[in-house]
Amino acid sequence: MGIDAKDLKQLKQIAKDLRLTVIDVMKWSGGAHVGGSLSCMDMLTALYFKYLNIDPLKPDWDERDRFILSKGHAAAGYIPVLAKRGFFPEEQLKSFNHFGSPFAMHPDTNKVVGCDASAGSLGHGLPIALGMALGLRFQGKDQKVVCMMGDGECQEGSVWEAAMAISHFNATNVITIVDRNKAQIDGTTEQVMALEPFADKWKAFGFDVIEIDGNDMAQVCEAFDKAWAKKPGDKPAFILANTVKGKGVDFMENQVPYHYCNGTDEVCAKAKASIMKMEV
Amino acid sequence: MAEVNTGTNWTCYDSSTMTAREIYGRTLAELAKSDDRIVAVTADLEKSTALNKFGVVHPDRLFNVGIAEQDMIGVAAGMAKVGLIPFASSFAIMTCLRGGEQIRTDICYQNLPVKIIATHSGISFGHAGTTHHCTEDFAIMKSFANMTVICPADGIETSKAVRACVDYPGPVYMRIGRGFEPPVYEDEDYDFEIGKATVMRDGKDLTIITCGIGVLQSINAAKTLADRDGVDVQVINMHTIKPIDRQAIIDAAKKTGKILTIEEHNVVGGLGESVANVIAEEGLQVQFKKHGMQDEFSMIGYAEDLYAHYKFDANGICEVVRDYLGIKYEADEDWEDE
Chain A
562 MGIDAKDLKQ LKQIAKDLRL TVIDVMKWSG GAHVGGSLSC MDMLTALYFK YLNIDPLKPD
622 WDERDRFILS KGHAAAGYIP VLAKRGFFPE EQLKSFNHFG SPFAMHPDTN KVVGCDASAG
682 SLGHGLPIAL GMALGLRFQG KDQKVVCMMG DGECQEGSVW EAAMAISHFN ATNVITIVDR
742 NKAQIDGTTE QVMALEPFAD KWKAFGFDVI EIDGNDMAQV CEAFDKAWAK KPGDKPAFIL
802 ANTVKGKGVD FMENQVPYHY CNGTDEVCAK AKASIMKMEV
Chain B
6 MAEVNTGTNW TCYDSSTMTA REIYGRTLAE LAKSDDRIVA VTADLEKSTA LNKFGVVHPD
66 RLFNVGIAEQ DMIGVAAGMA KVGLIPFASS FAIMTCLRGG EQIRTDICYQ NLPVKIIATH
126 SGISFGHAGT THHCTEDFAI MKSFANMTVI CPADGIETSK AVRACVDYPG PVYMRIGRGF
186 EPPVYEDEDY DFEIGKATVM RDGKDLTIIT CGIGVLQSIN AAKTLADRDG VDVQVINMHT
246 IKPIDRQAII DAAKKTGKIL TIEEHNVVGG LGESVANVIA EEGLQVQFKK HGMQDEFSMI
306 GYAEDLYAHY KFDANGICEV VRDYLGIKYE ADEDWEDE
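Quick mapping for you: the protein sequence lines, in order, are chains A and B.
When the letters of the first sequence are read in order and numbered with our numbering, they come out as residues 562 to 841.
When the letters of the second sequence are read in order and numbered with our numbering, they come out as residues 6 to 343.
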C-alpha cells in the first residue's frame, strides 16, 4: 500500500487526538489502564483509519476484517478509537464505567458496537482469532483477522497453544501483534517473568517476525503492509511492536505505576499538556 | 456396523452395537451434509470422541488443535463469531476445567452457539483413573449464564439431542459417557424436546428423577421393586439439567409424594440440587433424597464395578430405594434351594 507524507501526518494527528480522549476517558471513568492504552494507540489508529476493511454504518457486515483487542485492559484506548471512527457518538464515552454503560475497563462485544470479541481475561484473544480465521477460510472468504496482545499476556500458556496452531494450520489470514511495552502490573516483564528472547520464540513457532518501533507511524504502516500481503503458504505475520508504555505523557512514559491511573483533575491536566506537545 | 433406517430424514444407528460417541459422530456427519454451518473442533481426541466419524465424511470441517483445550474452546468461539455452529468435543473433565474459563468468558458471556459434546463423563472412564473421571460438570456448567446442560440417556437420545441442539439458541453442554452403556430407547420414534422431561415409567409410590445411565438402571430397578417388593416406582428421564423441567417435578411430587434423584455426579451442585431448588421454591410437600457421589473422589476400577460400588446399577438402586422407603429385604444367599 505504501503511505505518503500527508496521510502519515493525518494518522499521527488522529493518534494524538485519541491520546487526548484517553485522558478524558480516564477522567470521566474515574481511572483507566492508561499506560497500555497509550502504548498501542499508533497501531490502533493505523488499523482503524487505514488498514481494516470495515464500515461503521454496517458494524455487523459479514465481509469486514475482524479485530480482537486481546489485551482487553486497553479498552480506554480502543473504545475511543471506535467512537472516533463513527461506530457510536463520542459523547457516549462520558458514561465509561458508570452504571449501565456499554463501556468498562474491558470491552464487551455484545454491548460495544464494532467490537468483535469480548476480552479482559488474558490469553483468550489469539485462539478466538484463529477460530475466526479458520471459519472464514472454510467459508471461502479472504478477510484478515487481527489480534493485538500485550507482552505480559504472552506469559499465558493459551497464547502458545494458539501460536502453535496458527502455524500448523498456516492461518496466514491471522495477523498477530504484540504491544511490547515491556511492563506489566508487578514490574517489567523481564523482572516478573522474562519473555526474552521474545522474537526468537515466535520465529521458532513458525512466524515471520516483523519487528518495529510501534510508536513510529511510518514503521507501523510498513509492518501492516507486509502483514496484509501474506498469502497461503507464507509464514503467518507476527508484528513485534516495541512501544513506550504511557507514550505521549512524559511523566508516565515507561513508569510501571502508570499501568493504571486514577483520573484526578490534576493528573489529567498535566497529561493533556504533555500530549499537546507531541509532534505530528 | 448395524444401521437402522427409521424412515425419517435421518439415519439412525443401532445403539445396541454402537456407542453413544459413535452415534454422535455419525449423526453430526449426517446433519452437516445439509447444514454448511456445522464444523467440529477437538483436542487430539477425534478418535476417542468419535469425531473421526464426522471427519471421514467432512475432512475440511474437522479441526484438531492438538492437546490444547483452551485453544479448542477459543477456536470454537471464533468460528461461532463468523457464523458457524461448532461442535467442540474432548474428555469431559479436561473440557470443563481446562477450558472452563474459555467456556464461561468466550462462549457463554458472548452467548455463542457453540455445542460442547463432552465424552467419558461421570465415572464411565473408570479404569483410566480418577484424573479422567468427571463428577463436577453439571455444577460448573449450570452456573454459567446462557448455558444449557443436557445429559442423554443413551445413544438414541444422544442422536436426538445432537440434532435438537443445532438450532437451539446459545451454547449447549452435553455430557455423554464412554459409550458402552446399554440402550434405553429402541428407536427414535419418541418426542425429545430440550427442557422437557420424559416419564419413562409410571408409578404412584415414589418418583426417581435421573439422567444418563441412571435412566435404564432405574427402569430395571423399578421392575424388580414392583415384582419383589410391591413398590410402584415412577421413573423420569430429566435429560435436560438446565433449564430444568419444573412442571415435571411439581407433578411428580404431587403424584408420588416422594422423590429420589440419581446422578453420576457429585450430589453437591448436580441434578439433585436443581430438583431440590424447585421443591423448595414451589413449597412442595414431599420426601426427598439425593443419590450420587457423596462429595468424594471416585475410586479406580472398571466402570461396571464402580457403578455397582456406588449403587448406580439396578441392584444398587433397588437397595437405595428399599433403604429410603424402610423396606426390609433379605437377599437370598442360600443357593442350595435353587
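Hints are computed from structural coordinates only; laboratory data are not their basis.
Please note that the accuracy of each hint is not assured.
Unchecked claim - Far from chain A, by Cβ distances over 10 Å, these chain B residues were calculated:
| # | residue |
| --- | --- |
| 1 | Val-61 |
| 2 | Asp-65 |
| 3 | Arg-66 |
| 4 | Asp-192 |
| 5 | Val-272 |
To be verified - Simulated restraints on C-beta separations:
| # | chain 1 | residue 1 | chain 2 | residue 2 | range |
| --- | --- | --- | --- | --- | --- |
| 6 | A | Gly-701 | B | Glu-198 | 49 to 55 Å |
| 7 | B | Thr-136 | A | Gly-647 | 29 to 35 Å |
| 8 | B | Gly-262 | A | Pro-663 | 46 to 52 Å |
| 9 | B | Glu-198 | A | Pro-663 | 34 to 40 Å |
| 10 | A | Ser-656 | B | Asn-116 | 52 to 58 Å |
| 11 | A | Lys-672 | B | Ala-285 | 55 to 61 Å |
| 12 | A | Gln-653 | B | Asp-40 | 46 to 52 Å |
Keep in mind that this is a model prediction, so the values were computed, not measured.
For each residue, glycine too, the CB sits at the ideal point set by N, CA and C.
Which numbered hints does this structure break? 2, 3, 6, 7, 10, 11, 12
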